[in-house]
Structure formats: structure tokens, C-alpha cells
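Participant: So the protein sequences, as listed, match chains A and B. Heads up, the first sequence is in the working numbering, so the first residue is 1 and it goes up one at a time. Heads up, the second sequence is in the working numbering, so the first residue is 1001 and it goes up one at a time.
Keep in mind that the hints were calculated from the coordinates and are not lab data. One or more of the hints may lead you astray.
[Claimed, not checked] Below, computed lysine-lysine pairings styled on DSBU-like, alpha-carbon distance capped at 35 Å: (1) B:K1010 <-> A:K234; (2) B:K1017 <-> A:K234; (3) B:K1213 <-> A:K234; (4) B:K1123 <-> A:K234; (5) B:K1068 <-> A:K315; (6) A:K312 <-> B:K1123; (7) A:K398 <-> B:K1199; (8) A:K398 <-> B:K1119; (9) B:K1119 <-> A:K19; (10) A:K312 <-> B:K1154; (11) A:K315 <-> B:K1002.
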Amino acid sequence: MYNVFTVFRKEMYRVFSDKRLVLMIFLLPGISIFAMYWLIGTLIQNQTEAVQSHTIIVYQENMPGTIQTSLERLSELDEPINMEFHEVGDLDETALKEKVREGDIDIVLRFEEDFDIKIDDYETAGAPELSIMYNYGRQNSSFAYTHISSVLNQYQASKLMERLEDPAHHEIFVTSYAEGIVDERQLTGQGFAMLLPFLIVIFLFAGAMSIGPDSIAGEKERNTIATLLITPIKRSEIALGKISSLALLSFISALSSFVGLAFSLPKLMQMDGNGVEYNIYEPIHFVLILFTLMATVLIIVGLIAVISAYAKTIKEASMLIMPFYLVTMIIGLLSSFGTEPSDQLLVHFIPIYGSVNFLSSIFVFQYAYLNFVAVMISSLVYTGVFIYVLTRLFSSEKVMFQK
Amino acid sequence: MKSLLVNDIKKTFKLSKKQQKIEQTSDTKKIALKGVSFEAKPGEIFGLLGPNGAGKTTALRCIATLIKPDSGDISVDGYGVQHDSNEVRKRIAFLTNEMKLEDHFTPNYLFRYFSKLHKVDPKEAEKRKEYLFNRFGIDKFQEVKVADLSTGMKQKISIAISLVHDPDYIIFDEPTNGLDVLTARTVIDYLLEMRDAGKTVILSTHILNVVEKLCDRVGIIIEGEMKALDRLENVQNMAKDNSLETLFFELVEQSAVNEHV
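From just these sequences and the hints, can you work out the full model?
Facilitator: Below, the structure written as C-alpha cells:
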């Protein structure tokens, strides 16, 4: 163990004594994640605000007063929707279409003459026509259509009720909703389960990928590995020292990304003021998450270390790792957009997928301790296999020295 | 048994397509060693002489446990390189041009790091560091990163670090390569000092002058075969004019003729 610790310490010192590496591995991931998500959040917010603050330009013909009044009332809402009404006047169909396409007009509402009178005299006059023109390729126009069509639907519903003179006929059926079923924590947890397991594996993999190839393939490329192999240290001790140091460094790197994410999440989820409710989780959940992360990072680092030892150069190692990174991303995405996390024991023996699935189940409070044990044991077994393979690779003159 | 024994070692390498192009051959294998044997004893410097590509470095790498011979035995102090490789590594210092030190670290850090891997007592390691750094003139540069040092200084640091554990067997492959005259002299003087201290020194070189100045016994290796092996004066006597140079060229020519036939 003494030699493992010596190699471990040297690997840690190599990174921590290099300002460039510290910046690249520990600061940049957090800063870039924060900047990226904060920017996305800000852009979404700006876009929403821009659409909401926009005054909708409505061109109308024969609009009944009741409908216009209802539309004007939208400006009295907490998040007001302002409209500016214009008469269609002399503009013909082609001119109107062009203006809607160009965004000069958001929506055109052309009601048949005496629209509301004809609705009231429906038995003799038949259904009057309303022609709507909007551009669903433009956000302002789509926004205008959404709100105006909702007012029109309400108008239609009220007119239908008027036709049914007996108030008893107004109600087709009564709906009642049982209360107290939804678990608010579970509801919030679903949001985390969608986003975090995916990001967790990506951050862990990205962290390991930025250090692993340099630590092992780099030593081969720079011819420093032979200097280490000539010392009386077992190859298994080198493998353990490398994997344990890489695991810790990757973990810290991923942690940096999480700090960036934690700070940018309120902005990203548009939760200004209230913040994100991390406090729905109890200490036991954080302990389970921490252990699952450690188990996952060991598998990822083991895989990267084996590939790096096999590769002749850093470039080759990075190239060989890429397909595994893509597979890991897909596994992460499956948990984000798939169904509810599986509670089957066997699933938890699948490397990385089992961990991602278990993380999802923690976030939605549907975890089983047996599955946790499965994740831990299987991860240790996989890591053991990687350490064994890495030891063999360090012992192979063909792998270590062939150019 | 205090000696280093190499007994009939053979080694073949598979050639990659890239290597086949470099070597201008269609052979997929290269026989690097064709049954090489020799013995190096305490208190002597054994010189392995041969042209480039003769198999000197391969033989030394086999002794150093970095690569395994296809057949034959090597033992250091009675420990076999195949089964007791860790015991062998505890007893040897090995240096070749292909072994580098990590650029990011300082000589000071690296000396301590390798001392720990060799399990040298920290106080003893500090004493040795002080002695070796002074001996090779590294002391002024001990806190300068290896990347910022000259080629000669890097070579001297490599030598000092290979000796952290005060090994009984010193195996240096072309140790004066790329060194200026003054630095080369320091290295040669140190090797002589080690010999006088009873250490076993094996030196590989293609520089005849170095062999004549330093070695007690010599082996001439050409095309993976040991063509001559004896005390230096006996090997010199094998040539008509008692010159190592004449013998060396005769053996090289003879080998080329045999290969052609």
C-alpha cells in the first residue's frame, strides 16, 4: 500500500502544482458550466420577456365589441398582454398576408358582418365566419394567436351556454379531484431525475477524460513510464495508484461542474427568488448519491485508464475513448427521457447504466437498498477487472514499449 | 552468488509495417539476440561493444526486466529476471536514452519520489541526494523543473536518480551520449569510483575509446551474436596489431560478408 500511496501522491502533486492543469481541470469546468447554463437561462428569460412585453398588433374587421373588451382586459393581468387594434380598411388579402409574413402585423381577425347578431340568430342565420391570419413561424404571432384563441374559445363557450336556456343543462358532468395523492417532493424530484443523472455521468466522464490519457498514455509517449517500471514496485501497485488518483481528480473535477450547475440552476429553471429546492433530500439521500458517484467514477476511470495504457499516444487514447463517451451519453439520455427508473435488481449490475438508474431512483425517492448494494458490488467487481487488465498491460512489453 | 549472469538469451521482435519500412525489409520478425551469454563480476566494468542495432540495448533491457527474453536465463545475485523481477530491480541501476524524467518535476522532488519507491530511509535518501547532486553538479538546479534544464543536466539527473538506492549493479546504456567532454568525464570518473567500491558495472557503448579507457572485460556484439568475449587485453590481442579498433572493424566486415553469403 505504501507504493500505491507514493504513486497516488505524485499524481496528485503533478496536477495541483501545475496552475494550467488546476485551471483546466478544476476551475474551467465549473466556470464554463455556470456560464453556459446561466447564458441559456438568461436567453430564455429574455426571449420570454421580449414576447410578453411586445404589444400585439391586431388588424380586425367587424370585431364584436364584447370580444374586443375581453381582449383589452388581458392588459389588466399580472403579466399584462397589450394589444393595439387597427382596422383592416383598404388592405387586401395579399397585402395583409405580406404584412403578417414580415411581422408588421401579428394577427388578422376578420369577422363576418354582424357577427354577434348572427350568432344570436343562429336558427335562421346559420354560423357566421371568422377568418384568422397569423404566422406560426414568428413567436409574437404565435403568442398572439394562443391568447386570442383562448379568449375566442371562452366567448364560444359562453354563447353555447346562452343557447341552453335551462341552467341545469350547462353542466354535462361534474369533475372532482382527490387531494393529497401527489407527493410534492416526488414531483420536484422528477425534475432532478430528468437532468442530473445524465449530467453526473457526463461530468464524471469528461473529468476523467481530461486527466486519464495524459497520466498513462502521456507517460508512454514521453518515455517516462520505463523510469517507473524499472523501480521495484509491483505493476498492480502502479495500476492502483494511477486509478485511485485519477478517480479523486475526476471526482473533484466533476464536483467543480456541479458547483457551477448548482449556481446556474435557478437561472436555468427560471426560479428567480424561490431558488431550487435542494432541501427536499435528506442526509441519507446525499450519502447514497455520494457512494453511487464514487462507484461510478471508479468504473469510468478504470475504463479510461485501460484504454490509455493500451494506446501509444495521448491522441490515440482520446480517439479510442470517444466511442465510450458517446455510449455513456446515450445511457445518460436514456435515464433522462426514458420511463421511470427500473427497480429490477439485475439492471443495477449493468455498468454505468445501473448507477444512472439508481441515481434516478434516489432523486424520485423510489430506491431500494438491495439495488444500492448491487451497484456497489458490481462497480467494485468491474473496477477489480479493470485493475487486473491494467496490471497486465503494465506488464506487457508489447503494450508498454512498442512504437 | 555475487555476479550477473546472462546465459544464452534469445530475443525476437515482431516488426510493424512502419518498422518494416524503416528497416527496409519485408521480414515480419527481427532476431535481436541470437543466444548471447556473458558474466559481469563485482569490482569490474564490463563493456558491451557493438554498432548501432547490434542488440546491446535489447540485452540490457532484458537484464533490467523491462522486456523478457524468448529463451535463456539471466540472474542477478542469484535472482532470475523471469520469476524474481522485483528482487532484480531492487539491486540494479538502469539507464538508457529511452528513459526520461517527467518534465514537470524538479530534481529534488524526483529524487525523493524514486527514493520512496526504492524504500530508501528518508534520512539516508537526503544524504545520498546531497552527495550525488554535489558530485554531478546538480545542487544548484535542484529546484528547477526538468523541462527547463539542458540535455546534459537532464542526463546527469537521470544518472543520480538511477542511483538513489545505492545499487550493487550499475547498467548504463551509452551513458556519455550527448554529453560535453567535462560532463562525460564526471560520469566516467564516477563509474571508476563505483568499480573500485566493488560494484558490478555494465556499460554499453559504440565508442571504442570509452571501452579502452574504462572496461576490464569486454564483449563485442554484432547482429545479435557475441563475437568476442574476454578481458580487454585478451580481446585486443585477437587483432594483428593489438588494436581493439582493428578487431572491431574486422568482425563487422566478417559479419556483413557472412550475411551476404
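Participant: Check each numbered hint from earlier against the structure, then list the numbers of those it violates in ascending order.
Facilitator: Failing hints, ascending: 3, 6, 11.
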